[in-house]
Amino acid sequence: MARITAGVATSHVPAIGAAMDLGKMAEPYWQPLFAGYDWSRQWIAQEKPDVVILVYNDHASAFDMKIIPTFAIGCADRYGICDEGWGPRPVPDVEGHADLAWHIAQSLILDEFDMTIINEMDVDHGLTVPLSLLFGQPEQWPCKVIPLAVNVVTYPPPSGNRCWMLGEAIARAVESFPEDLNVQVWGTGGMSHQLQGPRAGLINAEWDNRFLDLMSNDDGEALRAIPHIEYLRETGSEGIEMVMWLIMRGALGRKVKALHRHYHVPASNTAVGHLVLEPVS
Amino acid sequence: MNFMREVEMSTDIHEYLGQFDDIPGTRVYTAKRARQGYWMNQFAMSLMKAENRKRWKANERAYIDEWPMTEEQRQAILDRDYNRCLDLGGNIYFLAKVFSTDGLSFLQAVGTMTGMSAEDYQAMMIAGGRSPEGVRSIREKR
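Just so you know, the sequences run in chain order V and Y. Letter by letter, the first sequence follows residues -5 to 275 in the working numbering. Letter by letter, the second sequence follows residues 17 to 158 in the working numbering.
All clues given are correct.
Facing chain V, according to a computed beta carbon distance under 10 Å, are these residues of chain Y, among others:
1. Leu123
2. Ala125
3. Met132
Here chain V is said to cover these stretches of chain Y; the calculated rule only asks that three of the stretch's residues, wherever they fall, bring their Cβ under 8 Å from a Cβ of chain V:
4. 35 to 45
5. 49 to 59
6. 64 to 71
7. 93 to 102
8. 137 to 145
9. 149 to 155
Simulated from the structure, these hints should not be mistaken for lab results. Backbone N, C-alpha and C define an ideal beta-carbon position, used for all residues, glycine too.
Could you build the full structure based on these sequences and the hints that come with them?
Written out as structure tokens, the structure reads:
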């Protein structure tokens, strides 16, 4: 049977991808950020997940204003890399796991989550930067990826509670897949950042660290009740991306063990947070 | 506290939207803004294609005139006045295609909306960013 063995949370700032692509990782500005991922790279090299369900948001790349799915799951065999305005990132295409993805999509719909299904899509930095952070710069990504795109751009995005419930439903779906697969769920985006208006540049390290605390322990359920307005006020207009972390956290079950934690300010305009969690049965 | 009852309570849409105007220096991308800025954002989106970027760079005015935007919206884009663009329904992830085409990073472009110099804005970020103290709520002055 397929099983969820771990959850990873990480920010997905585009400048991180650019720093890697341009070989700037050792520069004093970037070094402390990347150092916080050293442990995770060693860990994941041993864990060797077969599939990563990667929860992220598209940043006006694959989805424009024509169609705005709240939750969309990628069921393709392969995903190309987006040209976001400066040419596509020089990273490998992303290989999907269509069998598991379709199984999850069907299970979620029967479980009353009305998913949008994606058969063709290019993926942007929201998906590729987390892969780069965890796997470095390989010729080919070492696992298959199921993209799960969440609308956190046009209001209202889904509630934190709904995201958590989707995570729980994903866990049920994975557990009912007959093939023996090591599956991880990643929640990406955040932490505090605001990319617009005179209040741009907002960072709230205290709030972010409280969020990391709650993500890491058995009181994680408290995160479900955080309303959108609190993310907006406390973590900047783009901090709302953290609802996507709750899909990962919901998929792990109530009890978790935190294996690794990293927090660094800034990457470009953003507070970077990173967690590696293990479900405890 | 009965926690689950609290999260399951349905949200009143008017109350939900009404809160957003209380955040200083922030334009939440609501349906109202998304409708107003539809073509401005779709125009920006078109710059994801290399051939469109080439046409835009060759003659910005001619390229933008092809889009059914208001003259105000066109001018805000031509001026790279991103706060004005937000006021007219632009969204930052769409507008990013415009500043990426200009060769600007998010850090450089975002800083232009704060009234700070690029150097001061970057220095603020390196020093830990803008504190939320005093910019959480206009009404509550906190």
